[in-house]
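Chemist: Here is what each chain is made of, one letter per residue.
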Amino acid sequence: MTSAIVEKPGALPVPEIGPPESGPATVIADHVSKWYGDVVAVSDVTFGLAPGVTGLLGPNGSGKSTLLKMLAGLLAPSAGGIRVLNQRVRGNAQVYRHLGLVPEQEHVYPFLTGREFVRLNALLQKLPNPDAATARAIATVDMEEPARRKIGGYSKGMRQRIKVAAALVHDPDVLLMDEPLNGMDPVQRAHTIQLIRTLGANGKTVLVSSHVLPEVERLAQNILVIINGKLAAAGDFRAIRDKIDAHDHAVRIRTNEPRRLAAALIALPATRAVRMESDGRLTAETNDVRAFYRAVPEIAKAEKIHLYEIFPTDESLTSVFSYLVER
Amino acid sequence: MATTATASSPELITPTGEILGPPVIETRGLTKIYGGVVALDRLDLSVPRAAIGLLGPNGAGKTTLLRLLLGLAKPDAGSAEVLGFDTATQGLDIRAHVGYMPESDCLPPGATAADFVGHMAEMSGLPGRQARQRAADVLYQVGLDEERYRLIKGFSTGMKQRVKLAQAIVHDPSLVFLDEPTAGLDPPGREDMLALITRIHHSLGITVVVSTHILEDVERVCDYVVILNGGRLVLAQPLRELGGSGGDLLVRVDGNPELFLARLAQQGIVGATAPDAYGNGWGELLIPNTGDRAYDAIRDVAAELHLPLRTLRRRERSLEDVYLGNFENGTANGNRNGQ
Amino acid sequence: MEVSTAANPPAAAAPARFGEVYDRGYAHYEGPRLGRRHAIWALIVYSVKRALGIKKSWTAKVIPIILYVGVSLPVIVGIGIRAFLPSAKVLQYPTFFGLIFTIEGIFVATVAPEMLCGDRRENVLPLYFSRAITRLDYLVAKLIATAILTLTISFVPALILWLGFQLLEKYPLTAMWHHLGDLGHIAVAGTLIAFYLGAGGLTIASFTGRKSVAVAVTIILFLSSTVLAQALFHAVSSGIRRYFVFISTPQTVIGLVNGLFNTRSDPMVSAANFSVWIYIIAMSAVVLIGCAIMYWRYVPHD
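Chains as they are written, first to last, in this note's numbering: chain A, 1 to 327; chain B, 328 to 666; chain C, 667 to 968.
Only chain A is shown next, with the shape it has when bound in the complex (with noise of 0.2 Å):
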């Protein structure tokens, strides 16, 4: 789903990320800036986020961590308004019963152990029942046998996941997340995206920040991205690339008749290029993506060609985000 205008009465209309059936947005950025003297490290930025889970992307020195701490409110903006749950989040204790936030930083005491840690969390939230909050977070990141020892002799990718039960140990609405897989071996990785994923469909909205696109790929479903302190993409990721009109698709085919199939696709309106690569397939460049799409199994039915691959090289996150970048 592309990004939707969502009106909000008596307010400007608010670029609303995720699908319009998971609810009305629970994270709201309303023109928000923030500079330090001469230097803008955030430019009216506006956004909505709904429940689910979206992707924080940007370079490094572009702001996004400076947006992050805006949104956890642990900065205030320079000009604009952040709103979590139709809360102010700066200077309000009460939004962090709904807010969870895992930070980059490690700031985790060495000298308690894991559960001491989260239940700590849990006791400062106020929640009624500590000790199950405490012993559910902890099952939910799979930490049951190590969460008796010291975290002081945590591995790195343990102290990130005992970091991420104690934000979730007051079962929060709203999750903002920095790096939270770094550290991390594969296993716990794939545990964690899982537990991520999970969560957004239970109706959180979860904010991921990451640099590792292909992860970020598998466990959002939206994605925001700030270049130069400005929104530069919000949306399901392909659909961006469909609207990055500098570069055309490049597809590539594999099929047991590619020099027939390449004289038949280059009389294709759609078709900007058609080459021939050293292992047989094809690589087709178009501007016309539905067109090309549609074109293609309609001429290789009707001209018998069997279609083994068919296969979009550049519409990864990855490239998508380095098409963004150079613009």
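Treat the hints with caution; some may be incorrect.
Between beta-carbon pairs, the in silico distance windows are [stated by the list, open to error]:
1. B:SER373 <-> A:HIS306: 36 to 44 Å
2. B:GLN460 <-> C:TYR961: 31 to 39 Å
3. B:TYR476 <-> A:ARG275: 39 to 47 Å
4. A:TYR308 <-> B:THR390: 38 to 46 Å
Below 27 Å or equal to it, Euclidean Cα-Cα: the simulated DSSO-like pairs (lysine-lysine) are [to be verified]:
5. B:LYS480 <-> A:LYS69
6. B:LYS487 <-> C:LYS877
7. C:LYS715 <-> B:LYS480
8. A:LYS126 <-> A:LYS69
For the record, the hints were derived by calculation from the structure and aren't laboratory data. The C-beta atom is built at its ideal place from N, Cα and C for all residues, glycine as well.
The hints should help you fit chains B and C onto chain A, whose structure is shown.
Modeler: Frame of chain A, contents of chains B and C only:
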């Protein structure tokens, strides 16, 4: 861009996966114990000249293995050879021909990149003049222009990673160990680094061993995989051999996937929506791979329904599938060493 | 196309134009590869340069420059007085060594941490050890580099002073021959002081990555040791108190120098009444123990 086929290496893995030539790393019964903890447990390994991905949970023994292979520690049992040199007795020879790019911060902020890399070159045996020359060249090759004459203090993470890489290859090693080379890099930096690593291996002919937790990076850059756990070898194989064949077909169509599936069912082909996919409006489907019959049916149904057929490919076992398959029994919390 | 016939000789072929693209890419290194000795020498030179602030900012150079100036002043003044006021009392070597002790102390306190702390703090040690050298090689290089530097502040100025005095004589060569004994004593004193202070500073530096901490601890140790020794000396009245002189760095040095040149300048040293050999042994012991400790800190690491 990203390709699932293994990179064809001019080295000694042929396109059919055959391994030629002497192994670049070989261990026999390699054992190392640190204060009661078995860090390496009778490891038998034979690694060809390739782009190698070294995987495993923290505490699996990767760091210990590296120290032993560099000749910085002696095994408690067994033996190991790197580039034909014995690690227990010929450590200096090994280190003269091996480069190491650590994960941690290890650069002096008060030196210029050219100065430091030149010094490292001299420490690896290059005479002074050649050392400065090589340093300047290599820094340029890894993408640092006039920045190489500036103090490391002002460098971004990406630039620092490049300097670390430069000092690892400045003495023209035959083998380079890279520890989490993309750590801390933003997406453009990651792309650049992965491209550099590929170049180092393919154009420069240097064997690379990449130790990382990011499996997608290994799929991108490596053609051989070694997985360790609890000091033992779990798997050591060319990446190509892990794929497996005959997987389901992944199909992505614009428009109504239900209609597509229904039409396919009419032809006797029963597919389903892919369980993992975020719909987002594209239908992502898995169709059983019954050869030409399935391929043709997909083609024909798409044509009949005038649906854009965005993706059609065989779903091969990814490296993650292989890796997770080997760690099924809840060793997510680490190995016996309790990491 | 032109056809050449007998009547129509071919025009001179157009000269082939020269054009070549050179490969600027990575070239494999085919040159000489020198061994450990070259690497150790390279590390010595690099360490000496960095300790003196060469190739670094001016703030890094300031302190060494001031110290070298400071140590040159007595030399210049001493030679100057001898040259222009021949009747005035000549600067004695023991006095000279006493004068420059503080400068030597500060010099070692800044140079020794610079040798060791930076690499430890900035985590560069793994890079060095991944090179074709051993851990012992690294330590030896650092020790030699420190020795070279400390010699320049303790032995060399005294040597220049001696040379200056001899050259001012009517017959310099004879004078040099006459005063060869002095030169010998200067060499022993200068070298031993250099190694003694250097080993002390390096040992302290080998325990921390924080340069400022090492500098502070070294200076405090050098300064307060004399206070402590004096206090103990006056507090205790039995014969054991003579051994307290070895607690004090300055006084140990004075003891050595006085012993070599047969002078008396310090009451506690005189009271202790040790022969020069005891001081030589004591200072050498400190050097050896320091090296042993540093070896333990750096070398064995399976």
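Chemist: Against this structure, judge whether each hint is valid.
Modeler: Okay, the hints, checked on the actual structure:
1. B:SER373 <-> A:HIS306: 36 to 44 Å: Hint holds: Cβ distance 41 Å, inside 36 to 44 Å.
2. B:GLN460 <-> C:TYR961: 31 to 39 Å: With a Cβ separation near 36 Å, GLN460 of chain B and TYR961 of chain C satisfy 31 to 39 Å, so the hint holds.
3. B:TYR476 <-> A:ARG275: 39 to 47 Å: 41 Å, holds
4. A:TYR308 <-> B:THR390: 38 to 46 Å: Since the Cβ atoms of TYR308 of chain A and THR390 of chain B sit about 44 Å apart, the hinted range of 38 to 46 Å holds.
5. B:LYS480 <-> A:LYS69: 26 Å, holds
6. B:LYS487 <-> C:LYS877: Given that 27 Å is the threshold and the Cα spacing comes to 23 Å, the pair holds.
7. C:LYS715 <-> B:LYS480: 19 Å, holds
8. A:LYS126 <-> A:LYS69: Satisfied, since the Cα-Cα distance of roughly 24 Å is no more than 27 Å.
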